[in-house]
Amino acid sequence: MGRNSATVGRRLGAAVLVSGALALTGCGTDDNSGLPGALDFTEENLRCGPEGALLASGSSAQANAMEVWVNTYQASCPGGQVTYKATGSGAGVQEFLQGTTAFAGSDSVLSEEEIAESRSVCADGGRAVHLPLVAGPIAVGYHLPGVEDLMLDAPTMARIFDSGITRWNDPAIAALNPHARLPDLPITPFHRSDGSGTTDNFTAYLHAAAPEAWRHAPGKTWRGRGGQSADGSSNLVGMVKRYEGAISYFELSYAHRNGISTARLDTGAGSPVAATVTAASRALSGARPGGGDLALTLDYATHEAGRYPIVLVTYEILCDRGNRPGSLEQVRAFLRYAAGDAGQRALAGIDYAPIPAATIQQVRRRVDALA
Amino acid sequence: MNATTQRHPGGASRRAARLGDRIFAGLAKGSGITLLLTMAAVAVFLTVRATLALREDEGNFLTTFEWRTGGEDPEFGIAVLLFGTAASSLIAMLLAVPVAVGIALFLTHYAPRRLAAPIAWLVDLLAAVPSIVYGLWGALYLVPRLTGCYEWLDGAFGWTGVLSYAGAPARSLMTVGILLAVMILPIVTSVTREVFRQTPRATQEAALALGATRWEVVRMTVLPFGRSGIVSASMLGLGRALGETMAVATVLSPSFLIHASLLDSGGGTFAQNIASQFKEADTAGRDALIASGLVLFLLTLLVNGAARLIIARRREYAGAAL
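Quick mapping for you: the protein sequence lines, in order, are chains A and B.
Using our numbering, the letters of the first sequence correspond one by one to residues 1 to 371.
Using our numbering, the letters of the second sequence correspond one by one to residues 1001 to 1322.
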């Protein structure tokens, strides 16, 4: 991204301008790619790595988090030049496995073959590991005039997205929303047409929480029946904004920046839970790292109060041993900041959920042990 | 004797000319060989990667209505893409070619010279618009406005099944076809116009001398003479429609289904599918996309070959008409 190569001075200037503007208006920007939130890009206790350039690429779901981290890091460490290209998880992993980048950002964990492949990139018998650094709630946004706080549960949502429920005044939706005035309008569910980690997590949730209603196996490509599709979260948001009766799923930040209503979720916990960073973080604390690696397994079917289970976890993927010596110290310094208190705190301001304490401790240990 | 005296005086310059000839011939031959090598390299690359993908495919590459490349048992097929590519391109041809021929006739035979030049310039300007701009225009302007049009079509021709419309946003193959028609209009028009302009004056004047009206002149001389030109112009347009990527990806609502109705949202084309899936595809996924690219490559070759055949046959006819 061109933005990443801008000079530090301009960045600071922009940051000051943006935070000034935010202080005046008291709300977020409408811009999809703008510098988010009133953030201070100077970090007191950030330990800089050696001078040099660091190149990474991958998931676009964590691009906004990366942008803030890169801005802060570069503002504090004038010698360090970090570039994160939001090429998509697949391309990011490819580039990492070809040895052109220092690490990859990915929405999903590597396959067995890819891990085997990583052994040829990682020297000294190392292999690729997953470091969960960014997580975010996936919101279900809808466009329905006069209905502000729609509530849905997993089976209803599954049937809507599988074209089983086709009108907004369907009894199943009405039963969940007795006080809402639901119009007699066709539902147009929108899904991602490109392969996406967001789809992967959303369908994993539907499959786990409503196995009867959603029989399709979860995956990066959409398997549901009917509906319409569009490329990328920003296009889905555009569709929901444009068409009445539309419903779709995307990262919470997209919903907030475009003023789209998001559905609350009836998880069976007694009170419905809204898509918020706090509720997503609580759901994450129920996740366990599996199989010696730090890849997280979420409990999508949770019934505990205040947990919003549709959460996208994105990882940084790099070698545990045998990273390229030229960039190793730089990677360590950057990730140490990102996984540190300051880096994680910065996430909440831009609609990402910080990784829970127990897991982030492990991530920090891994970062320190990188070789 | 004669030969020796002739060889002597011009010897030096002729040797120089021969060297120049040789260099030029070498360069020309080199360019030709480079082109062949490039084509061969593309074909080999596509074939090798496609073979890898086909070996992994659990479904039938030609008939599976699915594109699932990741995971344990990848299953993907080009049926939907082939249908979508062919259907949208054919709609585009049906809409664009008659209009283009009309514009070309108007510009060459009906319009006053003062009007013809600016119109021709405007048509050429259409060709300079980047395809993403067409895509955005299609998605933001065309799609919402086509809804009413499609409702009318549904009312009048819904019984055919092909033109029934369920009422969702009109991001269908028909919309793509209409957009592609606008996009290929300039190229078809300008090639046809050039061909029509070359209709021999003598033939036209002969027809006029026989008392033919202007329309009869067009029908008897311009159209028969320009027929091969129309075909090759159409094929150029078809080539662009088959390979169009960004505009289709922006307008279409892609899905791996073939709807009976052309107005219902869904479907896909080769180029659009490659553009949409490439970002998140792993190695095997990319191989699968490359396999679909190979089919598009072959399809384009076939279309071009067919066009050449038609033109070759028509050329004799056009020659006879002279």
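Note that these hints are calculated values from the structure, not bench results.
Some clues are possibly wrong.
[Claimed, not checked] When the alpha-carbon atoms are kept at most 30 Å apart in a straight line, the in silico DSBU-like pairs for lysine-lysine are as follows: (1) B:Lys1279 with A:Lys241; (2) B:Lys1029 with A:Lys85; (3) A:Lys241 with A:Lys85.
Verification of the hints:
no. : hint                    : result
1   : B:Lys1279 with A:Lys241 : holds, 25 Å
2   : B:Lys1029 with A:Lys85  : violated, 42 Å
3   : A:Lys241 with A:Lys85   : holds, 28 Å
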